[in-house]
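Could you build all of it, start to finish, from the sequences and the hints given here?
If you read the sequence shown in my numbering, its first letter stands for residue 9, the second for the next number, and so on.
It is possible that part of the hints are untrue.
[Unchecked claim] Distance condition first, Cα-Cα at most 27 Å in a straight line; then the derived DSSO-like pairs of lysine-lysine:
#: 1; residue 1: K82; residue 2: K158
#: 2; residue 1: K107; residue 2: K156
#: 3; residue 1: K158; residue 2: K107
#: 4; residue 1: K82; residue 2: K156
[To be verified] Label pairs and their computed distance ranges (CB to CB):
#: 5; residue 1: N114; residue 2: M33; range: 16 to 26 Å
#: 6; residue 1: A161; residue 2: T141; range: 23 to 33 Å
#: 7; residue 1: T26; residue 2: R155; range: 47 to 57 Å
#: 8; residue 1: E95; residue 2: T30; range: 32 to 42 Å
#: 9; residue 1: P179; residue 2: A152; range: 46 to 56 Å
#: 10; residue 1: I25; residue 2: R137; range: 35 to 45 Å
#: 11; residue 1: L163; residue 2: H139; range: 18 to 28 Å
#: 12; residue 1: T30; residue 2: N84; range: 49 to 59 Å
Hints in this document: simulated from the structure, not taken from any laboratory.
Note that CB positions come from ideal geometry on N, CA and C, so glycine has one too.
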Amino acid sequence: MTLQAGSNRDLWRRLVITPVATGAMAAGLLAGAATAAAQPAEPTTTETPTAAAEDAPRSCTGDDCKRGEPEPAKVNADQVLMQIYTEYAQGDGGGQVSKLIDDAVNLRRQGFRPSNANAEALAAALEYRPHQTPLVEALRNTIAYQRKLKAQAALSASQQGPVAGPVPVIPGMTGSLG
9 MTLQAGSNRD LWRRLVITPV ATGAMAAGLL AGAATAAAQP AEPTTTETPT
59 AAAEDAPRSC TGDDCKRGEP EPAKVNADQV LMQIYTEYAQ GDGGGQVSKL
109 IDDAVNLRRQ GFRPSNANAE ALAAALEYRP HQTPLVEALR NTIAYQRKLK
159 AQAALSASQQ GPVAGPVPVI PGMTGSLG
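Given below as structure tokens:
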């Protein structure tokens, strides 16, 4: 005759421990798969700097220092916005980036251009994709700057008074206009 009490306890342990262990193992596998890097670990270029270029002392003053060094490429804010807009143009159902880029482009169409710093931040944030947090932060900062410009424009327009100005009085005119 077999003892029934011991098998129930073992069955209960198997029913609880097996799913927990399986879940932990699956989470470990998923976490290991998520750490795959988007960039190669080593540079793919085979260029090596020459020893003469490294050893040559460089002394310069004023404009001489800037010779030979390429100017940093200026980022065009409109081009960066359009690039992001074409990639993420989904409308209201497209997610956070889609809504933010839609707001930024609408403000740009109203005449409120992002600053050069905003354009550089947007271009730099594109380098971090598929991670979208830097892009979301850059878009939020861009929209905040554009809204600040819009508020300043509205404030200056309200302080200037009416656009048409005073009504001219023409000699010989009789009657009221209103």
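Is the gap between the beta carbons of T26 and R155 within 47 to 57 Å?
Given range 47 to 57 Å: holds, Cβ gap about 55 Å.
C-beta pair E95, T30: status relative to the range 32 to 42 Å that was hinted:
Because 38 Å falls inside the window, the suggested range holds.
CB-CB spacing for H139 and L163 relative to the 18 to 28 Å hint
At roughly 38 Å between Cβ atoms, H139 and L163 fall outside 18 to 28 Å, so the hint is violated.
Tell me if the beta carbons of T30 and N84 are separated by a distance inside 49 to 59 Å.
holds, 52 Å
Taken at face value, is the distance from the CA of K158 to the CA of K82 at most 27 Å?
It holds: about 25 Å lies between the C-alpha atoms, which stays within 27 Å.
Falls inside 23 to 33 Å, the C-beta gap from A161 to T141?
holds, 31 Å
Range hint 35 to 45 Å (beta carbons of I25 and R137) holds or violated:
holds, 41 Å
Straight-line Cα separation of K158 and K107 no greater than 27 Å?
holds, 19 Å
Decide if the proposed pair is consistent with the structure: K107 and K156, CA atoms, cutoff 27 Å inclusive.
The given pair, whose Cα atoms are some 19 Å apart, holds under the 27 Å limit.
Given the hint that K82 pairs with K156, test it: the Cα-Cα distance must not exceed 27 Å.
holds, 23 Å
Range hint 16 to 26 Å: satisfied by the CB atoms of N114 and M33?
violated, 48 Å
Falls inside 46 to 56 Å, the C-beta gap from P179 to A152?
holds, 53 Å
Consistency note: the structure conflicts with the earlier hints numbered 5 and 11.
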